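There are 2 protein chains.
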Amino acid sequence: MTIDKLKHAMFGAPFRTSQEHEERLDKVRGLAIFASDPISSNAYATEAIMSVLIVLGSSALGLTWTIALAIALLVLIVVFSYIQTILHYPDGGGAYTVAKDNLGVTPSLLAAAALLTDYILTVSVSVSAGIRALTSAFPELIEYRLALALLAILILTWMNLRGVRESGTVFALPTYAFVGGVLVVILIGLARFYGFFGLTPIIPELHQIQPDHTFTSFALIWLMLRAFAAGCTALTGIEAISNGVAAFKRPESKNASQTMVVMGVIAMALFLGISFLATHLDLIPTEHESILSQLARTVSGTGFMYYWVQFFTMMILVLAANTGFQDFPRLASFLAKDGFMPRWMTNRGDRLVFNGGILTLALLAGGLVIIFNADEIAMLPLYALGVMLSFTLSQAGMVRLMGKVGRLKPGESLKTLATTIHFESGWGWKRLVNGFGSFVTGIVFIVLVATKFLEGAWVIAVAIPLLVWMFRSIHRHYENVAEVLRTRDLDEASLLDVADVVILPMGDVHRGTLRALRYAKLISKNVRAVCVVAGEEQRARLLLRWNRFPKTTAGVQLVLIDYDYRDVLEPVIDYIKRVNYNEYPGQLTSVVLPEFITENAVTQILHNQTANLLRNRLLHDHDVVVIDIPIHIHTPHEPLGDLDSPLTSYTTEIVTSDFQE
Amino acid sequence: MTIDKLKHAMFGAPFRTSQEHEERLDKVRGLAIFASDPISSNAYATEAIMSVLIVLGSSALGLTWTIALAIALLVLIVVFSYIQTILHYPDGGGAYTVAKDNLGVTPSLLAAAALLTDYILTVSVSVSAGIRALTSAFPELIEYRLALALLAILILTWMNLRGVRESGTVFALPTYAFVGGVLVVILIGLARFYGFFGLTPIIPELHQIQPDHTFTSFALIWLMLRAFAAGCTALTGIEAISNGVAAFKRPESKNASQTMVVMGVIAMALFLGISFLATHLDLIPTEHESILSQLARTVSGTGFMYYWVQFFTMMILVLAANTGFQDFPRLASFLAKDGFMPRWMTNRGDRLVFNGGILTLALLAGGLVIIFNADEIAMLPLYALGVMLSFTLSQAGMVRLMGKVGRLKPGESLKTLATTIHFESGWGWKRLVNGFGSFVTGIVFIVLVATKFLEGAWVIAVAIPLLVWMFRSIHRHYENVAEVLRTRDLDEASLLDVADVVILPMGDVHRGTLRALRYAKLISKNVRAVCVVAGEEQRARLLLRWNRFPKTTAGVQLVLIDYDYRDVLEPVIDYIKRVNYNEYPGQLTSVVLPEFITENAVTQILHNQTANLLRNRLLHDHDVVVIDIPIHIHTPHEPLGDLDSPLTSYTTEIVTSDFQE
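Line by line, the protein sequences give chains A and B. Residue 1 is where the first sequence starts when you use my numbering, and the numbers rise one by one after that. Residue 1 is where the second sequence starts when you use my numbering, and the numbers rise one by one after that.
Mixed in with the good hints there might be a few duds.
One copy or two, it doesn't matter: identical chains are merged, so the pair holds either way.
30 Å max Cα-Cα, derived BS3-like pairs, lysine-lysine [unchecked claim]:
| id | residue 1 | residue 2 |
| --- | --- | --- |
| 1 | Lys-521 | Lys-415 |
| 2 | Lys-551 | Lys-521 |
| 3 | Lys-409 | Lys-27 |
| 4 | Lys-409 | Lys-254 |
| 5 | Lys-404 | Lys-7 |
| 6 | Lys-337 | Lys-551 |
| 7 | Lys-7 | Lys-525 |
| 8 | Lys-577 | Lys-5 |
| 9 | Lys-525 | Lys-551 |
| 10 | Lys-521 | Lys-404 |
Since the hints were made in silico from the structure, they are not lab data. Bear in mind the structure is a predicted one, so any value in this text is a computation, not a measurement.
Using the sequences and the hints, build the whole thing.
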């Protein structure tokens, strides 16, 4: 009762199942919610490129701008490619759904595994980067960054277990404040750089850093590829809208695709702006201060603007982490519904959220943060691979879908597993866009794996196939279960053959065993009490007590086992096994177990765990029914309140079948 | 099966209960076994004194010798006092037994708590000191000392779980080798010091260390007391023989008391010898090398003799730790037998040793070693208090006993709880010895607590009363249990009133629930299947499936609970509670639970833990019988081997009562 109260205070009172409703998003809020992840990448994407280039010396940092342009182009392709997905999957077309629908099970599991790993990283990277924004502004906090990051994950977990309503306006504020703040910094920066409006020009501080050694041309190309791969983290989160099409106001697909375009434009504007200024103001990546922080400081000094940018960087990163808490449990529940993840991932808790998925994500992301000591730059090599693989598979799925469109005649339509496709003109060039998108992201995926392999990408390269194997194993297990439980062609008569015997293992004759004995006698006329005795003295004492209760022990066979070891389980199990297999082959034997129940777990350890061990072994290894007779050392709870009226929250209905047999 | 094999390979094949036998010890082996603890104290006792005195500067180290003499005197008193105990408790008279017999429960629990804390410290201090002996000889190992100490505890635990036969000659070797080695060092040292036999005299290196500041005379006295208290660790383990009198060859008491005298003489000879030389050779305690190591090195160089002493110091310390592994489980089992510790502490494992006590000790001692980073000097303030308190209580008990002797007439005798006392002359002066022993050790105990309080003795001062409280709580719990199970005045008719109703909570109609339903129908004509349904669709599907099995569902009430939350446990428990309290008050309701059994724990987590949770809540909170019907996803084990003949290791006997009722 008190635990319930505590739970309600922490997580809020339970919601009714029927309370679930989907508040639809307009474009302004939709943008704020779905864009927080891709827009927040600007907090580290430019820096990730520069961290690679710096080994070539500070003069090579000028290449950042070129690489940023290439990445912006890639974003353009992906955005246009995904618009097709959004238009064709108005109920939400994540990579898992699209791949399942068009490519088959294995590709869909690959896409799901890729996305799940990426969602975990979204949380750990975003939270760590958010904390870096904080410590860039307040360097004295730097030694607490791991604790702060874990605290942030804890708060996010708590909020999500309470159930965050996605539509809250509170979510819109940080996103727009961040975009606004960074845009202002970029504009002032550009104005000062070009000397517009008579603003004081910025004189870049020149920290000449020389490369350690000279590079071969192969090494140079390799470094360019690595820098490009590093910058690809800017693409993470772009796909989020495709999952959430159904959350938009009508017409969903149109609103969602327009939002996607705006999102792509804003994200790229910030990315290019930051990259341009970082390059032309000769900023240099350091351990202690993020590039974005340096940029804001250089452009506008350590004043209001600076703290605005830093604060909303942190906020938008936390929001981005929050999208991980939305996406991971949702995808996990899809997988669980299809039998590829533990079924309880589909269970919604008191607050109608997927508690299982939220907690799993929190543990995994928290683990990563600990392993990497909340250093998001070190985590980045693991990031973006998953998302790129899911882009590739999702777009490949769209190519297939467009192929089907092409085979339709005007007016015709076709139902696939998750969507309905209609004839439409222009399928050819749309297919081309998707194909190109799939091809390019596929190439980028290979580049990512190759260039980041030794830095950590191998973890993902190992984790994704492992996850797919896990999904398949789980699925196989559930298929076995379904087979065992199948009622089709079930012959009711074959269900169960119960042996007319009840066995009672006992250590001594006391009130508890006598109680169990009487219960056993109710079930069967063939009751056997089994007792392991060590020595004549114990035997005599047992018989003495046994004979003191003639009414209860009458008609019961007392089986005494003389055993010269202390392990009482073995001979008892052996005896039960023999009865089960020799006397009643193929029938279900019943075992009555008197079990001590104490007030709490502490007092429970004062008792031999014999009953528990025996129950587990019997149930697990044999086809035996175990009947637990509680022996309460404390008094069991009396019912509280009025038992005459049932809980107001449920109604009971009794269906009685006709009594003919 | 394979787990069994692994277990046998690691810990040896099980011993039969009847195999237990007590191999009796002669005096030579008895000395080796019981003396390892007190004799091994010489590895650190002198150093402990010097570590205190060094704050007064190196010139004050000369006082070591004086303090050592005082401690030797104390040992003399304790030895002679304990001889009385040995003579009167030939079955073994540990402080717990003697106090229980003569002083009552609380003093005996105090003594037991004191001894248990000390046994834990024996293990952690001796192991740490043993590792220091090793690292003194091989300083490159110093950074691994924690790992080495834990490894030593692990090996000791393993050996003791296998069952160490105390009588093995292997135990005699290190003790005598250590005594011999140290004696030779002392003799050579004395000879060289006094210039006998023309040996090269030792020129002490003079490291003048000045005190930090001047001391008041009160501070000086305080420091003397602290140095004395520190040296008292030399007394630990002296009482061990009194516990083990029964292990000696006949006449037990005589052999044991003679061994005790020899032990005291040897231990004191070494202690005084080491202290004398350490004082007169101006040795100075350092972090890196023990005093004993310095002494051996100074006297005989870093040669054979030196390594001999170091090696056997380590060995005897490990042996001393081993006595902790003998004493702790034995005392814990005495307490458990009297209901003051968990009853399973009395269970002997496959190898006839007290597994529970051994593992508890290993965990606690290992924890201490970790907390103190295997630094035995830091642990010493906690040590010796327990032993001193137990000396005090045990000797006070003897004073009482001797008082009873005094009241006997010639030829009379009297049975106390644990021993028989006879008339004997001279009880007066024996009582005086015991009284003096009790008084002196009591004073020393107070000095120990006072002087070491802030250094760590407060831990023990807190732990001992807490332990006594724990003993008493456990005892109270077992008394409650006995009350509940009491069969005296039991009216058999009042035992159990079973309600003629069986409730089956179910989630769906499948092979498992149908099987459970059939079992339920065997037990009662009043079967109710309870199902929580959320929504019309689930309801219709359930009814459809339900009606497909008319033979099984005939006569069963189907209770549908319409519940608008996801937590299915609450309404089901509420329903059962209502049936239990409203329809069948005071009677035992039966609940049938179909339960998924999968191959292993990994696959088990794929299933809702609903059945487990439901069983635990029902058994714990209510007086309800729970019947577990296993639904095996895998095939349960088939019996291996021939089931016709029972295991050769047990015999079964069937006692059938007369069939009149």
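Now for the hints, and whether the structure bears them out:
For the homomeric pair Lys-521 and Lys-415, neither the shortest alpha-carbon distance inside one copy (61 Å) nor that between copies (47 Å) is at most 30 Å. With identical chains, the CA atoms of Lys-551 and Lys-521 are at most 30 Å apart both within one copy (11 Å) and between copies (27 Å). For the identical chains of this complex, Lys-409 and Lys-27 are neighbours neither inside a copy (34 Å) nor across copies (106 Å), given an alpha-carbon limit of 30 Å. Only within a single protomer do Lys-409 and Lys-254 lie at most 30 Å apart by alpha-carbon distance; the minimum there is 24 Å, versus 112 Å between protomers.
Taking the closest pair of Cα atoms, Lys-404 and Lys-7 never come within 30 Å of each other, the shortest separation being 51 Å inside a single copy and 63 Å across copies. For the identical chains of this complex, Lys-337 and Lys-551 are neighbours neither inside a copy (55 Å) nor across copies (32 Å), given an alpha-carbon limit of 30 Å. Taking CA atoms no more than 30 Å apart as the test, Lys-7 paired with Lys-525 passes in neither setting, with 48 Å inside one copy and 40 Å between copies. In this assembly of identical chains, the alpha carbons of Lys-577 and Lys-5 lie at most 30 Å apart only when taken from different copies (21 Å versus 46 Å within one copy).
In the homo-oligomer, the alpha carbons of Lys-525 and Lys-551 lie at most 30 Å apart both inside one protomer (14 Å) and across protomers (25 Å), since each shortest distance falls under that limit. Taking CA atoms no more than 30 Å apart as the test, Lys-521 paired with Lys-404 passes in neither setting, with 69 Å inside one copy and 56 Å between copies.
Of the numbered hints listed earlier, those contradicted by the structure are 1, 3, 5, 6, 7, 10.
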